[in-house]
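Undergrad: Sequence:
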Amino acid sequence: MDNFRFSTLEYKRPDLEAHRAKLKDWKAAIEHAESYEALRTLLLEMDRENCELSTQYSIANIRHTLNTRDEFYETEVAYLDDTLPTLGGEEVALSEAIASSPFRPDIEKEFGKQYFVSMDLQKKLFCEANIPLRQQESRLTNEYQKIMATAEIPFDGKTLNLYGVQKYFEHPDRAMRAAAVRAYAKFYEDNEPRLEGIWDELIRIRNQMGKNLGYENYIPVGYLEQSRTDYGEKEVASFREQVRMFLVPLCQKLYDAQAKRLGIDHVMWHDEKMVFPDGNAEPAGDDAFMVKTAQKMYHEISPETGEFIDFMIDHELMDLQNKPGKASTGYMTSLPSLKAPFVFSCFNHTIFDMQVLTHELGHAFAGYMAMRSQPISDYYSESTDIAEIHSMSMEQFAYPYAEWFFGDQADKFRFAHLQEALTFVPFGVAVDEFQHICYAHPELTPKERTYQWHLLEEKYMPWRKYESDPFLERGGYWYHKLHIYLYPFYYINYTLTTMGAMEFKKKYAEDKAAAWQDYLKLCKTGGSRSYLETLRYANLANPFEAGSVERACGYAEEILLKQIAEQEQEA
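Going by our numbering, the first residue of the sequence shown is number 2, and it counts up by one from there.
No lab work stands behind these hints: they were computed from the structure. From the three backbone atoms N, C-alpha and C, an ideal C-beta is built for every residue, glycine too. Wrong hints could be hidden among the right ones.
Calculated pairs, SDA-like style, for lysine to any residue (alpha carbon to alpha carbon, straight line, at most 25 Å) [what the hints assert, rightly or not]:
1. Lys13 - Gln136
2. Lys563 - Phe425
3. Lys124 - Val93
4. Lys159 - Gly286
5. Lys466 - Lys235
6. Lys147 - Thr56
7. Lys235 - Lys460
Distance ranges between label pairs, derived from CB positions [claimed, not checked]:
8. Glu193 - Phe73: 28 to 36 Å
9. Arg14 - Arg70: 14 to 22 Å
10. Val118 - Glu46: 34 to 42 Å
Kindly generate the complete structure, drawing on both the sequences and the hints.
TA: So, in structure tokens, the structure goes:
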């Protein structure tokens, strides 16, 4: 398969009943294995089979998101999402057989203790009664995703999808920005009854999953699903408080300076993306130019990234163009049997495109390295709270090459991007707290939940103001964040990992070679260590320790405030 192209990969529906039989056969074989070598052979056979199953699942999902109107792949994804949860009982029984093997010490010696940590999580999360709930959950999240993907918003004489209309959020004409924001918000307002209904059903279903597993609600399950084994709700709450105490006042300063720069009294929501009065940085070329320039940049960064980007391009492992019917999202996923990452997004000719080429390709590079460094596919991907360090750090490593993408607007890009890296964090922790509130208080009505978002904006984003938009003023902004619906309790990871990215930024400026070696260690270790162990291994700080937010972000704060002072002096 060395010469494969994603466009010509064959998709073959996995025979899940045959796979169920294999799971039972493997269990029996493991229980009767007479040597570690025999057991090891079985483990590697299982790993190969699981990689092939995961690859077929990824192909179906990628092609479904590439065209959500394709009924064949919509049906395939629905089948897989409905059937895979029914294998949980056999998978847990197999894991228990492995964990009970007399050769367990040999497994730990070769593959490390994290091998069994992952199995223990799987066991804690399985419950027969939750299978139909998982199936319902998949149907609801797919419905939400389809609503987003098929959005058709009439604006500026065109019919735009969600990514298309967001380009206007950076339009130099303030009235045009305000109108674009209103059109964007109206889409969510028009769909609010069903969005409320989906969210209400998801809360009920997920909380029942938690109760079936012996918990009061879904929150502990959400933490287990994110593979959080060495921290919990208490640590996350303390981190949110650090953000409120340190970053919220800093972000207020940044937006006050932005208002002064724009010559307005206050930065409204439709002004937040407009960082400079004469317009934001825009890419210096089209989609093909951006990809070609990214290839050049990755060859410059390191031999490893050069090899990686050639692999991605040669095998058609990126689909970045914005097209009708394409899912309104961006992601990296993997084809593990091919040791290949895949990157999906929708370019819109803003600095967002540069973020895709660094953020999602940062994920992909980490996967590429782990798949070539780790002995088993369990370790090809890491816990999500680590994964975002790869992506956000790669965004920072790209700063020296901004001129290649933006020409004489490179400084604008760097300033706006760094400001957004910090101003995003209060929003990110608000999303996390919102989910905690919703699952802990299922008695809230849909409108009361939305009002909770309004209160969280006052707490974490006191600068946020909407102009004559009752829907957004009462809290309607939260509906757009698909992670709330699709990936429960994931979003806090973006904020935790921002701290790691800011650390890498400072290290990269001080000693590029040493920083790069730590980054390579982080990528290559994959999921073979727990969260805090991985941070220590890559020489990164624990974000839950007192003062960690201020220490991590202090260098970026210094850069931004210095540049603001220079801008004001020039003005």
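Undergrad: Does each hint hold? Answer for all of them.
TA: Against the structure, the hints:
1. Among the hinted pairs, Lys13 with Gln136 is consistent with the structure: their alpha-carbon atoms are about 22 Å apart, no more than 25 Å.
2. For the suggested pair Lys563 and Phe425, the alpha carbons sit about 20 Å apart, so the restraint of at most 25 Å is met.
3. Simply put, Lys124 and Val93 have alpha-carbon atoms about 6 Å apart, close enough for the 25 Å limit, and the pair holds.
4. Distance hint between Lys159 and Gly286 is fulfilled; the C-alpha atoms sit about 22 Å from each other, no more than 25 Å.
5. The suggested pairing of Lys466 with Lys235 is violated, with an alpha-carbon distance near 31 Å, which exceeds 25 Å.
6. Proximity of Lys147 to Thr56 is assessed by CA-CA distance (about 23 Å); at most 25 Å being required, the pair is judged to hold.
7. Restraint check for Lys235 and Lys460: satisfied, since their Cα atoms lie roughly 19 Å apart, inside the 25 Å limit.
8. With their beta carbons about 31 Å apart, Glu193 and Phe73 fall inside the hinted range of 28 to 36 Å.
9. As the Cβ distance of Arg14 to Arg70 is approximately 20 Å, the hint placing it in 14 to 22 Å holds.
10. For Val118 and Glu46, the hinted distance range of 34 to 42 Å is not satisfied, since their beta carbons lie about 22 Å from each other.
When each numbered hint is compared with the structure, violations occur for hints 5, 10.
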